[in-house]
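Line by line, the protein sequences are chains A and B. One point on numbering: in the numbering used here, the residue at position 325 of the first sequence is 460, and numbering is uninterrupted. One point on numbering: in the numbering used here, the residue at position 525 of the second sequence is 1492, and numbering is uninterrupted.
The set of hints was computed from the structure by calculation and includes no laboratory data. There could be a bad hint or two in this list.
[Stated by the list, open to error] Pairwise CB distance ranges (calculated): (1) His196(A) to Glu1372(B): 37 to 45 Å; (2) Gln991(B) to Thr156(A): 50 to 58 Å; (3) Ile1034(B) to Ala187(A): 41 to 49 Å; (4) Thr1379(B) to Thr316(A): 34 to 42 Å.
[To be verified] Covered, in the sense of this in silico footprint (three residues per stretch, anywhere, with C-beta under 8 Å from a C-beta of chain A), are these stretches of chain B: (5) 1088 to 1096; (6) 1177 to 1190.
[What the hints assert, rightly or not] With a straight-line cut-off of 35 Å between C-alpha atoms, the simulated DSBU-like cross-links for lysine-lysine are: (7) Lys1342(B) to Lys1451(B); (8) Lys1274(B) to Lys1451(B); (9) Lys1094(B) to Lys193(A); (10) Lys1094(B) to Lys1224(B); (11) Lys1270(B) to Lys1224(B); (12) Lys356(A) to Lys264(A); (13) Lys1451(B) to Lys1421(B); (14) Lys193(A) to Lys1329(B); (15) Lys1421(B) to Lys193(A).
From a predicted model like this one, the values you see are computed outputs, not experimental measurements. Note that beta-carbon positions come from the ideal geometry of N, C-alpha and C, so glycine has one too.
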Amino acid sequence: MLAYLFRRVGQALVVMGVMATIVFFGLYTVGNPVDLLINPEDDLAAQEAAMARLGLDKPIHVQFGYFLSGLAQGDLGTSFVHNRPAIELILSRLPATLELAILAMTLAVLIGVPLGMYAGLRPNSAGAKLIMAGSVVGFSTPNFWQGLMLIMLFAVFWGVLPAGGRGDTVDVLGVPVSFLTLDGLSHMILPALNLAIYKMSLVIRLARAGTAEVALQDYVKYARARGLSPTRVVGVHVLKNILIPVVTVLGLETGNVIAFAVVTETVFAWPGIGKLLIDSIGLLDRPVVVAYLMLTVFLFVMINLVVDIGYSLLDPRVRIRGGGK
Amino acid sequence: MKNLSTAAVALALGSLVPLPAVAQSLVAGFASEPSSVDPLYHNLGPNNATRKHMFESLVGEDANLGIVPELAESWSTSEDGLTWTFKLREGVKFHDGGDFTSRDFLYTACRIPNVPNSPSSMAGFIKSAETITAPDAMTIQVTTASPYPLLLTDFASFGVISASANGHDGPVEYTAEGCPGIDGYLDSNAYNDGSATIGTGPYKFVSFTPGESIVMERFDGYWGGAPYWEQITIRPITNEGARVAALLAGDVDVIEKPPVQDLERLRSDPKVNVVQGASSRVIYLHFDHAGEPSPGIEGTDGKNPMKDVRVRRAISLAIDRGLIVDRIMGGLAVPARQLVPDFMRGTDPEIGLETADAEAAKALLAEAGYPDGFKLVLGTPNDRYINDAQIAQAVAQMLTRVGIETEVDAMTASVFFSRRNNYEFSLYLAGWGASGAGMASPLRALVASQNKDKGLGGTNRGRYSNPELDAVIEEALATVEPEKHDALLRQASRIVVEDMGILPLHYEVTPWALRAGLTMDPRADQHTVLTTVRPE
Chain A
136 MLAYLFRRVG QALVVMGVMA TIVFFGLYTV GNPVDLLINP EDDLAAQEAA MARLGLDKPI
196 HVQFGYFLSG LAQGDLGTSF VHNRPAIELI LSRLPATLEL AILAMTLAVL IGVPLGMYAG
256 LRPNSAGAKL IMAGSVVGFS TPNFWQGLML IMLFAVFWGV LPAGGRGDTV DVLGVPVSFL
316 TLDGLSHMIL PALNLAIYKM SLVIRLARAG TAEVALQDYV KYARARGLSP TRVVGVHVLK
376 NILIPVVTVL GLETGNVIAF AVVTETVFAW PGIGKLLIDS IGLLDRPVVV AYLMLTVFLF
436 VMINLVVDIG YSLLDPRVRI RGGGK
Chain B
968 MKNLSTAAVA LALGSLVPLP AVAQSLVAGF ASEPSSVDPL YHNLGPNNAT RKHMFESLVG
1028 EDANLGIVPE LAESWSTSED GLTWTFKLRE GVKFHDGGDF TSRDFLYTAC RIPNVPNSPS
1088 SMAGFIKSAE TITAPDAMTI QVTTASPYPL LLTDFASFGV ISASANGHDG PVEYTAEGCP
1148 GIDGYLDSNA YNDGSATIGT GPYKFVSFTP GESIVMERFD GYWGGAPYWE QITIRPITNE
1208 GARVAALLAG DVDVIEKPPV QDLERLRSDP KVNVVQGASS RVIYLHFDHA GEPSPGIEGT
1268 DGKNPMKDVR VRRAISLAID RGLIVDRIMG GLAVPARQLV PDFMRGTDPE IGLETADAEA
1328 AKALLAEAGY PDGFKLVLGT PNDRYINDAQ IAQAVAQMLT RVGIETEVDA MTASVFFSRR
1388 NNYEFSLYLA GWGASGAGMA SPLRALVASQ NKDKGLGGTN RGRYSNPELD AVIEEALATV
1448 EPEKHDALLR QASRIVVEDM GILPLHYEVT PWALRAGLTM DPRADQHTVL TTVRPE
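Here chain A stands alone, though its shape is the one from the complex (with noise of 0.2 Å):
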């Protein structure tokens, strides 16, 4: 078991390496930061020294050789934009993003697997047909308009949810967190909501079609011909052996949801590491922007490695393979 973390971790860090050259050069290519950090006003004397500053007169192969010399001593680099080393500049924007992707994700999974088992138990009913028909809209809708939608209709028709922003934070442990204030909670509500819609409705079409198969194994049958309560059927022999497909794509789409979240939170203006990267890149702040990928990267393969151990806990025919026999 432990070799086989030693050897995941590896991997992750070979990716990790491939992905901050492949940005550190491809974020070359697009422009040089100068041109948008420096005042129009500034003669060419300015620029030339604002380059020097920020070692951007060198050329790139000597830039990307200081990159990697700082990598080895752990410095991912300052932002150009900022003043503030990248890694700090991300870790404190994480919280945020975090509390958002854990709601979200919790919502999808508890809204999305109950109504996708409905749809997969009665198929023929009504409910069934509208939960069907509910979940191509959900994975179908642009975020985008989905969430000014969602701000149009709570904050300014109804008037009941804010229209933005993050609300009263409380500090756990030095890190400001707003799940525990109900101002903080009613912030989050919207955008969680944004985020969740999509996922839930992958969520519900796997738990469907889990169900649907599942239901008709015979060992299904063997336990409803042997008395045991709808509920227990149901809800420990069908729930659990749907859960391996439902488990995979939760598992990639919660690393889409802290790394990517960008547009929810362009659009809801919450301070998230999603919006700081999309910032980043229209200001070519090339620090930032790679250490974030770099970071997006290693949390992937951790989120990943989850996964499968949890494969294992979930079902018994799995067991994670050492190194050798």
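Starting from the known structure of chain A, arrange chain B on it as the hints suggest.
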């Protein structure tokens, strides 16, 4: 039972609506966020707009960018124009109770070139000052190597910080090479967390949460009298739809840059008050005066038609500016012929607007040797200026009508500026917001020949070069006497219009939207300074 549960749900949802905690508090939705609250860190629009709430400059710029007294009550220039003497205002206090004296201005000048890791330094604003001295606590004297008329505009561009709040209690001496006796300077992070954010402005710093909000509160000891609002919160909401929604939902009281397509609806909404004002920002087209052949031009056998003044005049005649203002800008623009609008210094009132004339344009093109026109690529950003890409499309259609088959190449600002600075465009659309310097500002940056040593032509990416114009510009930049200075600026403007080195399209009119019952003074530099927001 159903009614009870419905009522319970309504009650629960209703209790989630945040109630205003502070009376007379103002919440504003901004389109972009400052990179820091350090007034000297980054010479950027949002940073400068925000600093005006908390920090003041030696001289200020009013809503029309005219110079007014601020921390300096009066000033005078010597006969030879080389020495400026400023008398400072008495009784000005910093937010921490300290007195504002000449020492603080000297410290500010010392820190400006030494702000650690500044992405865009403000050093350009003090580089014309050869020496800055303080004969006494209430006087500042500045000498320049040669007469420099724009010193006041430069000094209006940065806020004064407190020497003591930055950890320096001793005397301050300014020299251009560095100030002796000062060990080091705090970096922007000390300002972002509030420890050094001490200014003389009407509001004092409370908190800065990046991506979330900037909170300021009333400074009762302000020399101009305690301001109206008890607390101001600035929230960055970059998505324009969400910004308007926040105003309509009542989450914010004022927003900047409401999208042009929503203005009709906002104007007719009784809960919203739309305020707009003329700005100094001109949207212009710049020609490639140097490329041979020019990168985006085809069908001319390798010649660069932009070098011919007849072609340039033809392009100007082909464009119906009034139509663009009406249809594309929704009336929120003023057609332009010169580089700055008429309320700014240096504009020649004799120069009128041009009427579009497609036939005359075709005739000029034929005269210049292009009876069948040619192909052109027009470069433009698509997310930088109001409706930039749409303006470019309209221009392209108008040019195609007279025979210049134009294709629009629109891209995001980061790519656009890099490509422009690499001289990849034959014709590009861009904007310029003139400072209080008036015509001098775009003259020296956009149409003066590129000259690194003299600091000219920094944004002249068309590489326009007219020696006659350069001579007038340089003379204007060395003439301190306001009348003569303005006359030279007018002369330069006439040359630019005659030679059509650059093509101004229109000046933007800046809209702001507030909740009904509030109003504010629009500013020509498009900065949202909330100190003028007040009940109607």
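- [ ] Taking the numbered hints from earlier one at a time, note which ones the structure violates and give those numbers from smallest to largest.
- [x] Of the numbered hints given earlier, those the structure breaks are 3, 7, 11, 14, listed in rising order.
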